[in-house]
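**Student:** Can you make the complete structure from the sequences, with help from the hints?
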Amino acid sequence: MGFFLETLFGGLMAGMLYSLVALGFVLIYKASGVFNFAQGAMVLFAALAMARFAEWFPKWFGFESLLLANLLAFIAAMAMMVVLAWAIERLCLSKLVNQEGITLLMATLGIAYFLDGFGQTLFGSDIYSINVGMPKDPAFILEGMFEGGVMVSKEDLVAAVIAALLVIVLALFFQKTKTGRALRAVADDHQAAQSIGIPLNTIWVIVWSVAGFAALIAGIIWGSKLGVQFTLSLVALKALPVVILGGLTSVPGAIIGGLIIGVGEKLSEIYIGPMLGGGIEIWFAYVLALGFLLVRPQGLFGEKIIDRV
Amino acid sequence: MNTSTTNAPPAPESNILLNVNGIEVIYNHVVLVLKGVSLQVPEGRIVAILGGNGAGKTTTLRAISNLLKGERGEVTKGMIEYRGERVEALSPSDLVRRGVVQVMEGRHCFAHLTIEENLLAGAYTRSDKGEIAANLDKVYTYFPRLKTRRTSQAAYTSGGEQQMCAIGRALMSNPNMVLLDEPSMGLAPQIVEEVFEIVKDLNAKEKVSFLLAEQNTMVALRYADFGYIVENGRIVMEGAAQELASNEDVKEFYLGLSGEGRKSFREVKHYRRRKRWLS
Chain G
257 MGFFLETLFG GLMAGMLYSL VALGFVLIYK ASGVFNFAQG AMVLFAALAM ARFAEWFPKW
317 FGFESLLLAN LLAFIAAMAM MVVLAWAIER LCLSKLVNQE GITLLMATLG IAYFLDGFGQ
377 TLFGSDIYSI NVGMPKDPAF ILEGMFEGGV MVSKEDLVAA VIAALLVIVL ALFFQKTKTG
437 RALRAVADDH QAAQSIGIPL NTIWVIVWSV AGFAALIAGI IWGSKLGVQF TLSLVALKAL
497 PVVILGGLTS VPGAIIGGLI IGVGEKLSEI YIGPMLGGGI EIWFAYVLAL GFLLVRPQGL
557 FGEKIIDRV
Chain Z
5 MNTSTTNAPP APESNILLNV NGIEVIYNHV VLVLKGVSLQ VPEGRIVAIL GGNGAGKTTT
65 LRAISNLLKG ERGEVTKGMI EYRGERVEAL SPSDLVRRGV VQVMEGRHCF AHLTIEENLL
125 AGAYTRSDKG EIAANLDKVY TYFPRLKTRR TSQAAYTSGG EQQMCAIGRA LMSNPNMVLL
185 DEPSMGLAPQ IVEEVFEIVK DLNAKEKVSF LLAEQNTMVA LRYADFGYIV ENGRIVMEGA
245 AQELASNEDV KEFYLGLSGE GRKSFREVKH YRRRKRWLS
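In the order they appear, the protein sequences are chains G and Z.
Under the working numbering, the first residue of the first sequence carries the number 257, and numbering increases by one thereafter.
Under the working numbering, the first residue of the second sequence carries the number 5, and numbering increases by one thereafter.
Read the hints as simulated data drawn from the structure, not as lab findings.
Here the structure is a predicted model, which means the values were calculated and not measured.
Idealized CB from N, CA, C, for every residue including glycine.
There's no promise every hint is true.
[To be verified] Covered stretches of chain G (in silico footprint by chain Z; criterion: 3 or more residues with CB under 8 Å from a CB of chain Z, positions within the stretch not fixed):
#1 429–442
#2 447–460
[To be verified] Dumping the calculated PhoX-like pairs for lysine-lysine here, alpha-carbon to alpha-carbon at most 20 Å:
#3 Z:K81 - G:K432
#4 G:K351 - Z:K73
#5 G:K434 - Z:K133
#6 G:K410 - G:K481
#7 G:K481 - G:K392
#8 Z:K81 - Z:K39
**Tutor:** This is the structure in C-alpha cells:
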C-alpha cells in the first residue's frame, strides 16, 4: 500500500508538470483558436533565458545574492517572453488573420523550430541548471500508517502548490477581469469582438504573453528538476494527450487531464508493465487520448460545441 | 450608370453625421463589389440600405466600420467621412471609440458568455465604471427580455433574444451611430416588429442614428426616414422612405406588388429591371 501511494504521488507530481505545459496550449487556443505547436519551444526558451540570466547577472553587475539574481533573471525572462509575444503577433499572426486553422498551425510549427534554434544561439546549447532554492530532499508522510511512511519529494510538492496557484490566478483573470472577458469574447467570435471595438492585436499579444508566463513557470520547475536542455521542448509532446483528455478549451481540464495522465502513466508502468514487458509509460498517454477522441472528442471539460439547428 | 431617380437627393442638411462618397470595394484584389456608392446619414435619422442578396449592402456597412480587412476586402476609391473626419484608415476599435459601431449580420453573440457578459464585453472601449453600469441599466430598460435571460449562455437564447443581445452589446459602447446589418434575418415577423420598435425608440429617445441594411423592404421603409436601393454594387434609387414605398418600381421589384396584382415572371422582371435601372 505504501508503495502504491508513493507511485500515485509520483504520478500526480509528474502530471502537475504536464498540466503546466498544457495550460499554455489551452490559453492560446481559447483566445485565438490557434493550436500553438510552439508551446514546448517557449518552455525551453523561457527556461534557457532564466538559467542564463541568473548566471550572467551576478557576473555583469557584481553581486552575490542568489535571490536577487533569480528575481532579476525572472523579470528579464518574463520581459523576453512579452517581447516574443509581441514579435509573434506583429510578424506572424497579424498577417494570417482569417486564414485556415491549418495555416496557423503550420506557422506555429515554424515558430517552434525557430525558437529552438534561436534560443540556443542566444543562450548556448549546453545543459544548464536553474537553482531557485527548491528543496531537494524527500519528505516522509503518513509514517504512523505505514512502516517507513510514504516518500514524497518536497520539490514536487512545492511545484504542485505553485501550479495550483497559477491556475487559480488564471481562472480569476479569465472570469473576473475586463481583459479576461475580452479574451473569452475573442475566443468565441473574433469578428464580433472586433466589431464592438476589442482590438485583436492587443488581445493576441496579451494572451501570448500569458502563455509565455505559464511557459516560464513550467520551464523553471522542469529546469530546476531535470536541468535545462534541448529535450525540454519535447515535453510539449506529452502535453498533447493532456489537452485532448482535458479539453482544449478548459483551464481546469488541463490540470485534471495532466494529473490523470501522470498517474495513469506511472501506475500502468508499475502494475501492467511487467505483463507487457515494460515501456508502457512512453505510449500510455497517447492510447488514452486516442480512446478519449473516440468517445468524447471535446475532452472531459471542453466546451460543448453548441450548435443551434 | 443611370441613376434615374425621380427624387432629388436629400436636402443638404448641415448636420451630416456620415458621408460616404463614391466608394469602390474590391475583394481579394479582383472582385469588384461596390462600384461607387455614395450615401449620407444625417444626425438623428434612420437610413436604410435596401436591396437583394449580394447587392452590396453588407459590404457597404463593413467598409464604413472597417471590418473589410478580415474578409480580404479593401476600399480602393472614394472616401468616408464621419463628422467631417476621414475614417477609412482607422481601426474598428478607433471607430467604436469615436461612436460608430456595427451590429453584424447573423447576430454573432459570444456563444459561451452569458447575456450579461456579452453586454459587458460591448463596453470594452469604456473605462468609467459608473457609465458602464448606467449603460447596462439603459440596455435592460430597452430590452427587458435580456434582463430575464441575463445569466443564460447566449447560445441557448432564442434568435430574437440574440438579436437584442447583439444590439444591446453595441449600445454598451455608447455610440452615436449604429450600423445595423439585417436585423430581421431569421426572425418571426412579430419579433421583427419588436426589434424595429426598439430601434425607433432608441432613435427617438437616445438620439442614436442608424444606418441599416435590410432585405425586408416593407418593414425597413416603415421605420426608416430615408432609403437607398442598391443593386449590383450601385445605388440605383434613393429617396424619403414614403416616396420609395409608393414608387411603382420599388413596389413591383421589392414589395411584390404591381398594378395587376401579384405576378411572378422572374425573367421578365429581371429584364425590365435591367432596362429601367441598370442599362
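**Student:** Now tell me if each hint is right for this structure.
**Tutor:** These are the hints, each one checked on the structure:
Evaluation of the coverage hint for the region 429–442 of chain G: fulfilled, as 5 residues show C-beta separations to chain Z shorter than 8 Å, against a requirement of three. For the region 447–460 of chain G, the proposed coverage by chain Z is satisfied: 9 residues have a C-beta within less than 8 Å of a C-beta in that chain, meeting the threshold of three. Using a Cα cut-off of 20 Å, the hinted pair Z:K81 and G:K432 is violated, with the two alpha carbons roughly 44 Å apart. For the proposed pair G:K351 and Z:K73, the alpha carbon gap of about 11 Å is at most 20 Å, so the pair holds.
The suggested pairing of G:K434 with Z:K133 holds, with an alpha-carbon distance near 11 Å, which does not exceed 20 Å. This hinted pair checks out: G:K410 and G:K481 have alpha carbons roughly 11 Å apart, not beyond 20 Å. A distance of roughly 9 Å separates the Cα atoms of G:K481 and G:K392; the hinted pair therefore holds under the 20 Å criterion. For the proposed pair Z:K81 and Z:K39, the alpha carbon gap of about 9 Å is at most 20 Å, so the pair holds.
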